[in-house]
Amino acid sequence: MVTSLDWAPNTNRIVSCSQDKNAYVWTFDSSTNKWGPTLVHLRVDRAAIQVRWSPNEQKFAVASGSSSVAICYFGEDNNWWVSKHLKKSIASSVLSISWHPNSVLIVCGGADMVTRVFSTFIKGIDERPAPSVWGERLPFGTLCGEYESEYNGWIHSASFSPDGNQIAFVAHDSTLSIVDPVNNSIYSIQSPTVPHYQLSWVSPDKIIVSGQQPCPTACKLTSSGWEFSKETAKKGTGRPTTPRDRDSPLSRSSAFNIFRQMDSRASAVFSGDGAEEEHENGSAIS
Amino acid sequence: MSFRKLDVSTITEEKQILLDRITQVNTEPGANEEAERKFQSKSSQVRAFITKGNALEALAQAISEPPYGLKDSSIPDKSAQLVMDVLASSRSQDAVSIIGDLAENQRVVLLKYIYYMMARPAYFNCSMLLSWHEKIVQVSGIGSICRVLSDRHTL
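Chains as they are written, first to last, in my numbering: chain A, 1 to 286; chain B, 1 to 155.
Some clues are possibly wrong.
[Claimed, not checked] Computed from the model, here is a short list of chain B residues facing chain A with C-beta under 7 Å:
1) LYS5
2) ILE11
3) GLU13
4) GLU14
5) GLY100
6) LYS135
7) CYS146
FYI, nobody ran anything at the bench for these hints, they're computed from the structure.
Every residue, glycine too, gets a C-beta built ideally from N, C-alpha and C.
With the sequences and hints as input, model every part of the structure.
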């Protein structure tokens with residue numbers, strides 16, 4: 001099963017990874033009008049979970065179930081994608097990865113309930129990064145920070161802020177945490193609902209989270225700290241209403257549909273056109 | 001390695017790290033005596049607050065410094081009984097305001113006590129616990145339940 005895809009817009013390449021422990025880089029051949037795959041041997045012994053291109057599109061990272069993150073880059077000498085592993089102190093599956101804007105640092109969070117920041121500096125590929133809040137000298141594999149979720153929930157998603165100086169992560173204990181490495185503080189916000197699965201920074205003072213709710217929620221930095229904004233927490237605001245939504249005969253036709261939806265989406269509450277709303281979630285924050 | 005021969009249950013070094021992190025057992029020698037001493041001082045303060053009719057302070061005191069991860073269940077049992085006494089002494093119409101005045105991490109601890117007591121229905125009044133549970137969820141949402149479920153620091 002293919003678990004993740006990512007597209008590099010500037011070099012027009014797609015990378016895919018799957019449970020068969022492999023990744024493929026797909027390049028577009030304009031003469032035949034087809035995408036062709038190149039196998040990347042990740043050297044992991046469990047499923048690949050998520051793949052992301054670095055912002056400069058020279059490398060990509062693959063989170064895997066073998067308690068490691070594979071950092072892959074193209075080795076010109078061998079004409080082959082080379083994979084190097086980040087393993088230090090990771091104790092379980094890595095579920096989420098996200099790149100720093102400088103394409104050297106990466107944040108990963110996983111089932112061992114810890115979010116970690118690593119350096120993926122590769123000689124000959126990367127330029128030496130400017131010193132930042134995460135450190136000055138950053139050889140490959142440097143662990144720049146480790147942050148636990150407040151109530152030991154495993155980490156669903158972690159991400160750098162747009163300037164790369166902070167990270168945020170959402171965990172299974174229904175918290176959203178913002179880490180400021182300068183004073184080594186973790187600001188944790190408790191959500192009143194079920195855990196969030198994804199997050200995305202839209203600006204330095206605003207984060208959008210989504211999960212099992214039918215609608216994404218915004219979290220804003222106010223004068224009294226980070227807090228969930230009330231407006232988008234309400235259903236139906238911030239997105240166009242579609243006529244297909246609630247009152248179509250299809251959606252309220254029968255109890256059968258309700259239970260079928262509960263079965264297929266594992267949702268306890270019948271929430272109208274679930275597919276559309278879920279898609280709205282994904283597109284709103286990707 | 002053939003995946004058919006892979007034993008996913010073997011305890012590797014990294015799994016041991018993870019296991020240690022999720023079990024959170026307090027194995028320090030004298031942990032029980034330490035908890036007993038804390039409980040005694042806490043208990044007298046709580047009783048004083050109950051007599052004064054200050055239910056909020058009594059509850060906040062009763063759920064402070066929970067005895068996590070002890071092998072012996074006598075201290076958690078006594079602490080739970082203390083929390084029960086506070087809950088029983090406060091009027092049910094005050095429950096929402098008391099819960100609202102607690103911080104979120106205190107509500108999580110209170111929920112842990114409630115679940116601990118519900119697991120022992122022979123000793124504790126579950127119908128009262130259920131109504132407190134309902135009011136906690138009313139105040140802080142089901143997020144608190146998620147936090148109790150994922151938290152490995154257990155009574």
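Here's how the hints hold up against the structure:
1. LYS5: 12 Å, violated
2. ILE11: 12 Å, violated
3. GLU13: Constraint on GLU13 (chain B) not satisfied, violated at 9 Å.
4. GLU14: Holds, about 5 Å.
5. GLY100: Because about 13 Å separates GLY100 (chain B) from the closest Cβ in chain A, which is outside the 7 Å limit, the hint is violated.
6. LYS135: Violated: closest Cβ of chain A sits about 14 Å from LYS135 (chain B), beyond 7 Å.
7. CYS146: 4 Å, holds
Figure legend: structure checked against the earlier numbered hints; hints not met, in rising order: 1, 2, 3, 5 and 6.
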